[in-house]
Amino acid sequence: MGDLQIRVQEAAFDPGALLSDFDQLAARSGAGAVVTFTGLVRDLPGGGLHAMEIEHYPGMTEKALTAIAEEAAGRWDLGPVLILHRYGLMRPEEPIMMVATASAHRAAAFAAADFLMDYLKSRAPFWKKETTEAGDSWVAAKAEDEAALDRWRQG
Amino acid sequence: MQSLQIVYFAWLRERIGLPRETWETKAETPAELVAELAAREDRYALAFADLSAVRVALDQELAEFDASLAGVREVAFFPPMTGG
Chain P
43 MGDLQIRVQE AAFDPGALLS DFDQLAARSG AGAVVTFTGL VRDLPGGGLH AMEIEHYPGM
103 TEKALTAIAE EAAGRWDLGP VLILHRYGLM RPEEPIMMVA TASAHRAAAF AAADFLMDYL
163 KSRAPFWKKE TTEAGDSWVA AKAEDEAALD RWRQG
Chain S
240 MQSLQIVYFA WLRERIGLPR ETWETKAETP AELVAELAAR EDRYALAFAD LSAVRVALDQ
300 ELAEFDASLA GVREVAFFPP MTGG
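So the sequence lines, in the order shown, correspond to chains P and S.
Residue 43 is where the first sequence starts when you use my numbering, and the numbers rise one by one after that.
Residue 240 is where the second sequence starts when you use my numbering, and the numbers rise one by one after that.
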């Protein structure tokens, strides 16, 4: 199993710098493919999002992310895996989170990144709240996010 | 009786009005614990009115409402997660 890096932090991060470090780590591990996903704070349709605040469950968050990364490493032959997720207050256009996977070939790296994102969305204890002119509201979970887990359960 | 740390997140925390409390209980499952809490005050009853919108974790692991509370120290209630 490759190196699993789990980071839960309030501070902003630079996806480019993180990817550059990850690429080097992946290359040293013998990987030939790196796949990354970066989640950004998206403005509302028509604009008006002032801020997004993410609450999390310290302790459980780290455990849940580690369990998800270990599950991925058990399903695919992976090099290093990185999951970084922020909490606290962020502005539109800022990066929220990043996932990176490495493997010998691209298929496993793509599949593992997809799997990590599906599980992270509905199994890691984060909650998003949007602040607009009209006030604050908690983002509702989507039924399709839960349904997305089903495709990993078959077979 | 069992002493539990109960933690609340997101809108459950806001509706109940506190992030954490210690509670002495005879409840054997999260479902029984919810019934006990909902009987305390309206703010609990309102927060737990629709259990399909509530998730539970026992000692920081997701669990079902009919799971056993035996040996559990921390129970968390929160809405479905919205990370990513």
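Possibly wrong hints are sitting among the right ones.
Restraint-style ranges between C-beta atoms, simulated for each label pair [unchecked claim]:
| # | chain 1 | residue 1 | chain 2 | residue 2 | range |
| --- | --- | --- | --- | --- | --- |
| 1 | P | R193 | S | A270 | 43 to 49 Å |
| 2 | P | D119 | S | S307 | 35 to 41 Å |
| 3 | P | R133 | S | M240 | 20 to 26 Å |
| 4 | P | D45 | S | A284 | 25 to 31 Å |
| 5 | P | E136 | S | E313 | 39 to 45 Å |
| 6 | P | L191 | S | E280 | 34 to 40 Å |
For the record, the hints were derived by calculation from the structure and aren't laboratory data.
Just so it is clear, the structure is predicted and the values come from calculations on it, not from any experiment.
Positions of the beta carbon are idealized from the N, C-alpha and C atoms, including for glycine.
Hint-by-hint comparison with the structure:
1. P:R193 / S:A270: 43 to 49 Å: The hinted range 43 to 49 Å is violated for R193 (chain P) and A270 (chain S), with Cβ atoms some 30 Å apart.
2. P:D119 / S:S307: 35 to 41 Å: With Cβ atoms ~37 Å apart, the hint holds.
3. P:R133 / S:M240: 20 to 26 Å: At 48 Å between Cβs, range violated.
4. P:D45 / S:A284: 25 to 31 Å: 48 Å, violated
5. P:E136 / S:E313: 39 to 45 Å: Check failed, 32 Å falls outside 39 to 45 Å.
6. P:L191 / S:E280: 34 to 40 Å: For E280 (chain S) against L191 (chain P), whose Cβ atoms are near 35 Å apart, the range 34 to 40 Å holds.
Hints 1, 3, 4 and 5, counting from the list given before, are not met by this structure.
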